[in-house]
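Participant: Sequence:
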Amino acid sequence: MSVPLRITPIKFAIHRQGDNPIFGEQVITIAIEDEAGGPFFVVESNQASGDGLRIDDDELELLVEAGRRLKAEFDRSTKEDGQ
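If you count by the numbering used here, then the sequence shown holds residues 156 to 238, one letter each, in order.
If you are wondering where the hints come from, they were derived from the structure by calculation, not from laboratory data.
Every residue, glycine too, gets a C-beta built ideally from N, C-alpha and C.
Hints may contain errors.
Stated by the list, open to error - Calculated lysine to any residue pairs in the SDA-like style (CA-CA distance at most 25 Å, straight line): (1) K166 <-> R223; (2) K234 <-> P176; (3) K226 <-> D189; (4) K226 <-> E216; (5) K226 <-> M156; (6) K166 <-> T233; (7) K226 <-> T163; (8) K166 <-> E199; (9) K226 <-> D212; (10) K226 <-> I210; (11) K226 <-> P176; (12) K166 <-> V219; (13) K226 <-> I162; (14) K234 <-> I210; (15) K166 <-> V197; (16) K234 <-> E214; (17) K166 <-> D230; (18) K234 <-> D206; (19) K234 <-> P164; (20) K234 <-> G192; (21) K226 <-> E214; (22) K166 <-> F196.
Unchecked claim - Pair ranges (Cβ atoms, derived): (23) F195 <-> L160: 41 to 47 Å; (24) R171 <-> D230: 26 to 32 Å; (25) I177 <-> D230: 34 to 40 Å; (26) L160 <-> D211: 17 to 23 Å; (27) A191 <-> K166: 17 to 23 Å; (28) I210 <-> M156: 34 to 40 Å; (29) A191 <-> G222: 33 to 39 Å.
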């Protein structure tokens with residue numbers, strides 16, 4: 156018997172309608188990663204400069220929502236796998 160496959164989102168792109176979510180100029184990505192010390196978020200932007208990431212309040216709300224969704228899916232996935 157084979158082990159069932161599953162889909163677990165690990166990264167979301169936040170972008171304006173009409174912008175390409177992969178290489179658009181104002182795309183912000185949030186990913187969940189785990190290096191055996193517990194999950195953490197990585198936030199990146201195509202427009203980031205050396206002096207920080209600039210996020211407006213609409214983007215921040217979506218970033219928080221995306222982070223919560225990623226964490227919930229990560230927790231569900233690892234719980235079902237017994238990790």
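Participant: Holds or violated: K226 with D212, Cα cutoff 25 Å?
Facilitator: Cα-Cα ~21 Å, so holds.
Participant: Please work out if K226 and E216 have their alpha carbons no farther apart than 25 Å.
Facilitator: Judged against 25 Å, a Cα distance of about 16 Å means the pair holds.
Participant: Holds or violated: K226 with T163, Cα cutoff 25 Å?
Facilitator: 10 Å, holds
Participant: Are the Cα positions of K166 and R223 separated by 25 Å at most?
Facilitator: Between K166 and R223 the Cα gap is close to 12 Å, so the pair holds against 25 Å.
Participant: Could you grab the alpha-carbon distance between K226 and P176 and see if it respects the 25 Å cut-off?
Facilitator: With a Cα-Cα distance of about 21 Å, the restraint between K226 and P176 holds, given a limit of 25 Å.
Participant: Assess, step by step, whether the Cα of K226 is no farther than 25 Å from the Cα of E214, and give holds or violated.
Facilitator: 18 Å, holds
Participant: Quick one, are K234 and P176 close enough, alpha carbons at most 25 Å?
Facilitator: 30 Å, violated
Participant: Between F195 and L160, is the Cβ distance one that fits in 41 to 47 Å?
Facilitator: The hinted range 41 to 47 Å is violated for F195 and L160, with Cβ atoms some 26 Å apart.
Participant: For the pair we were handed, K166 and V197, check the Cα-Cα distance against 25 Å.
Facilitator: 9 Å, holds
Participant: Please test the hint of 17 to 23 Å on the beta carbon pair from L160 and D211.
Facilitator: 38 Å, violated
Participant: Is 34 to 40 Å respected by the C-beta to C-beta distance linking I177 and D230?
Facilitator: 27 Å, violated
Participant: Below or equal to 25 Å on CA atoms is what counts here, so check K226 against M156.
Facilitator: 30 Å, violated
The structure fails to meet hints 2, 5, 14, 16, 18, 23, 25, 26, 28 and 29 from the earlier list, while all remaining hints are met.
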